[in-house]
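**Q** Please construct the entire structure, taking both the sequences and the accompanying hints into account.
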Amino acid sequence: MADFLKIMQQAQQMQSKLAQVQGELEKMTVTATAGGGMVTVTADGKGNISQVRIDPSVVNPADVEMLEDLLVVALRDAQKKATDLAKDEMGKLTGGLDLPFKLPF
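Taking our numbering, I'd label the letters of the sequence shown as residues 6 to 110.
Calculated from the structure, these hints are not laboratory results. Please note: incorrect hints may appear among the correct ones.
[To be verified] Below, in silico cross-link-like pairs of lysine to aspartate or glutamate (DMTMM-like), each with a Cα-Cα straight-line distance of 25 Å or less: (1) K51 with D93; (2) K11 with E31; (3) K97 with D82; (4) K22 with D49; (5) K97 with E31; (6) K86 with D74; (7) K85 with E73; (8) K22 with D89; (9) K92 with D49; (10) K22 with E94; (11) K51 with E31; (12) K51 with E73; (13) K32 with D8; (14) K22 with D93; (15) K32 with D93; (16) K51 with D82; (17) K97 with D49; (18) K86 with E31; (19) K32 with D82; (20) K85 with E29; (21) K51 with D74.
[What the hints assert, rightly or not] Now the in silico label distances, taken between C-beta atoms and shown as ranges: (22) L98 with T36: 22 to 32 Å; (23) D74 with L98: 30 to 40 Å; (24) G42 with Q20: 33 to 43 Å; (25) D60 with M19: 43 to 53 Å.
Where a beta carbon is used, it is the ideal one built from N, C-alpha and C, also for glycine.
**A** The structure is reproduced here in C-alpha cells:
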C-alpha cells in the first residue's frame, strides 16, 4: 500500500508541474514570418495567435490569394514553433521521455 501512496504523490507532483509549465507556456511567445517578413505572426507557447502584422506593400486587391497564402504559411509556422516549444518544455518535465499520449494543449 505504501508503494501505491508513493505513486499517487508522484502523480500529484507531476500534475502540479504540468499545470505550472502550461502557465509558463501562455507567457512565452514565438514569432513566424512569411514572404521575407511581409507577414509576421506572433503566438503564445500554446499556439494561440496573439498578433498578425502585414506589410502594406503586400496588400494588393488584384492578388488577394498571395496574401492569403502568406498568412497560411506564417500561421502554420507559428503554430509549429509553439508546438515545438511546448514539446521542449514538457521534455524538461518528463526528463526527455517521449510520452505515448498527446498532452492536452
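**Q** Run the structure past the numbered hints and jot down the numbers of the failing ones, going up.
**A** 2, 13
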